[in-house]
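With the hints as constraints, model all of the structure from the sequences given.
2 protein chains.
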Amino acid sequence: MILGGYMSEKYVDIYKKLDMDIEKHSELMSALFQLFSDVFLTQKNRPENIKYFDWLMSEIHGKRIEELMEFKDKNKPLVGTFCIFIPEEIVVASGGACYGLCGGAQFSIPDAERDLPRNICPLIKSAYGFKVQRTCPYTQISNFIYGETTCEAKKKTWEILNDLHPTHVMHIPHMKGKREKDLWREEIYEFKNHIEEIVGKELTFEELKKGVEIINKKREALQRLDYLRSTKPDIVPISGLDSLLVTQISFYDDPERFSDKVFELCDELEERIDKGISVCESDTPRIMVIGTPMAPPNWKLHQVVETTGGIVINEEACIGHRYFKDNIDLDGVESVEDIIERMLERYMKIDCACFTPNDERIDKIIKMYREKKADGIIYYTLSFCHTYNVESKKVIDRLKEEKIPVLKIESDYSAEDVGQIKTRVEAFLESIRFKKSFKAKR
Amino acid sequence: MILGGYMSEKYVDIYKKLDMDIEKHSELMSALFQLFSDVFLTQKNRPENIKYFDWLMSEIHGKRIEELMEFKDKNKPLVGTFCIFIPEEIVVASGGACYGLCGGAQFSIPDAERDLPRNICPLIKSAYGFKVQRTCPYTQISNFIYGETTCEAKKKTWEILNDLHPTHVMHIPHMKGKREKDLWREEIYEFKNHIEEIVGKELTFEELKKGVEIINKKREALQRLDYLRSTKPDIVPISGLDSLLVTQISFYDDPERFSDKVFELCDELEERIDKGISVCESDTPRIMVIGTPMAPPNWKLHQVVETTGGIVINEEACIGHRYFKDNIDLDGVESVEDIIERMLERYMKIDCACFTPNDERIDKIIKMYREKKADGIIYYTLSFCHTYNVESKKVIDRLKEEKIPVLKIESDYSAEDVGQIKTRVEAFLESIRFKKSFKAKR
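Note that the protein sequences, when read in sequence, are chains A and B.
Heads up: the first sequence runs through residues 31 to 472, numbered per the numbering used here.
Heads up: the second sequence runs through residues 31 to 472, numbered per the numbering used here.
Fair warning: there could be bad hints in the mix.
A pair holds if it fits inside one copy or across any two, identical chains being indistinguishable in the list.
What the hints assert, rightly or not - Simulated pairs of lysine-lysine, DSBU-like, Cα-Cα distance not exceeding 35 angstroms: (1) Lys46 with Lys379; (2) Lys305 with Lys433; (3) Lys355 with Lys211; (4) Lys46 with Lys424; (5) Lys106 with Lys424; (6) Lys54 with Lys469; (7) Lys438 with Lys469; (8) Lys239 with Lys211; (9) Lys239 with Lys471.
These are calculated hints, taken from the structure and not from any lab test.
This is the structure we're talking about:
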């Protein structure tokens, strides 16, 4: 497999148009593809249909950017985001594209730390650094960056980022009562207005409905994958790393093509289950990872777990289950207002730790743990993410009450703590294995 | 001066009633009073009328708690807070008392770190630790702790704290548009309802007006002190430490008595100015401290500045100018609704870094700097306070544009970094002195 056409002339032309730092970008891509090869292509027994996703990762700054340039040429909105609170259905309804921005690499952090404190979340620093470096084509090509108020370090960073690139900040309230719903509804309409200004027309009912249908289908595809990877207690047909890759790609691929490809992959996974093909032994400790999102190329924890004898069967995270768990109910909608109302309802179900209280998240985690017959939970939090970090106390207390094995890991994007994490994960998996063998004997 | 009657029998009786850990509390108080003696009583040339405030500090867990017990016996609401967004006028209108809770000491932090992450703001950990330890009588005596959503570590900590003590969380939105105003108004009414439930009656227009008048007067007293300490470019009639002490005490003293005492102090300061009595040489570098609040006994930075040859002439902080800068305009109010509306307007002027954007804060800082003829600014932020920390970039960029000398210091409550801070402050003051002498020569 040839990784990355990012050095080909036609892409370099695009990078030039997007005012990118081409030399620095080459450095980034070469490091990225080396890492991708090391982490993903060394895995054994991968499903055949994962190839599409490998290819799309290799074309993350290639073919996909070329496609987005066509949107740009047709004056269709291109919106980059770092948060799943973005009503992407509206962007898609307008004929535009919505995608997650680069924010998972250590590479850009030193450039961010000239402007931002060192002790904030690495995702924010990484993302901001990519803008400073001009090495992320998704940022460069976007009409605006979508910001929100879910976390305070992001909220304050938009103000600084706005000097480098236009931002649209949506006020996400931190409770879920009627007054917050009223506020939020107005924010959705304002976002819709912004998109309509770009395309120069009001979105019709049909367009909006179509936008919702496309994203609903994408979420359904991801729900099916989530189900298949963990439905059998003794067969796991796809690795956690590969599943994470698919979810990460859901944030930048064309949603319709993506859904088709995920359904194809799922068909294969069903066949694998029927044939008893698993990527791991049947007694492998099944781990749920819960907490903060892992933006590519943040594959650190999954790699550690899966090279230490465990298997990740779920991500309860924004790049994960939290993103695709709820669809927008279109049943009986008759007007634009109806759709916006349903959209509001759907987005209010997101159980981000920015909300207070957020107890529904805890109930959900325990339910998922039982359903997926997991053996243990790793509570993963990015360094300095106060909301998920403080919330871990309540979550972990409840898990302990339920006698669910849990390990908390706080980490950033540096490679420095890999050894330490590996040691802790090893001990955790060992204790789970001990329990499993003890149960099996009884 | 005898520091602290906290060991006397009558107070110990109260501590017992409040279910406090009496032994641990004695440890705390003995450390506190030693520190207070070392920092405050060693100062020279203090105004005579500071004695009242010394006394009130010595009675922080003595006489003042005895007074609050009388409120409790009369079923008057006692509300503890960590934020100036609390509409304290409503509590005072009901005949109750509103006060800041202990949250400035390293003493309680180890006990908090069993439940909370190490890498959140020390104020939150300290405050939470006091509840765990049962060493803060203000917390123990309160009907409820007032929480809010201004910062995420606090917001999430209320959920945990609520298991140990009742909390009332007010949703403070992070923008200042009409929809946020609508949300906030409802929050104020809900807070008022809560207070009314405690007293068992609706608050009348007259009561509310009286409550506002009492707090307005307190703010006027503090405004006058703020003016007097910095009005003359060559005479500073009171140290920064003593002024900070007065502001800190404004958060727990009886507001009417406090105002009278501050006015008495101010009369003396005016006399001092007339007589040319200053606590420092006329060429002493005049420092404005801007940023996060300093809860007692967090006197670290002021002590460093004032024992290193500088003088602090202002605190642009929540325990400082941000708290008292705006009064509630009662002109023409005719109903309870009118008062709430004016209250809303006043509280919306708070330029906390939780807001996005918050540019009015920057303009204000520069205006204050000019008016107070300051020589330099120290941007102070508590460790891991993302909002003030990220906002520092915009503030400092603007200050540099305006050629205002600025030093940023991030610190917690430990004594470990005092030496390092001293070195940095020394160099900063030296550079200011050099500039001043250069200007004087020209």
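Going through the numbered hints above, which ones does this structure break? Give me the numbers in ascending order. When the structure is compared with the hints, numbers 1, 6, 9 turn out to be violated.
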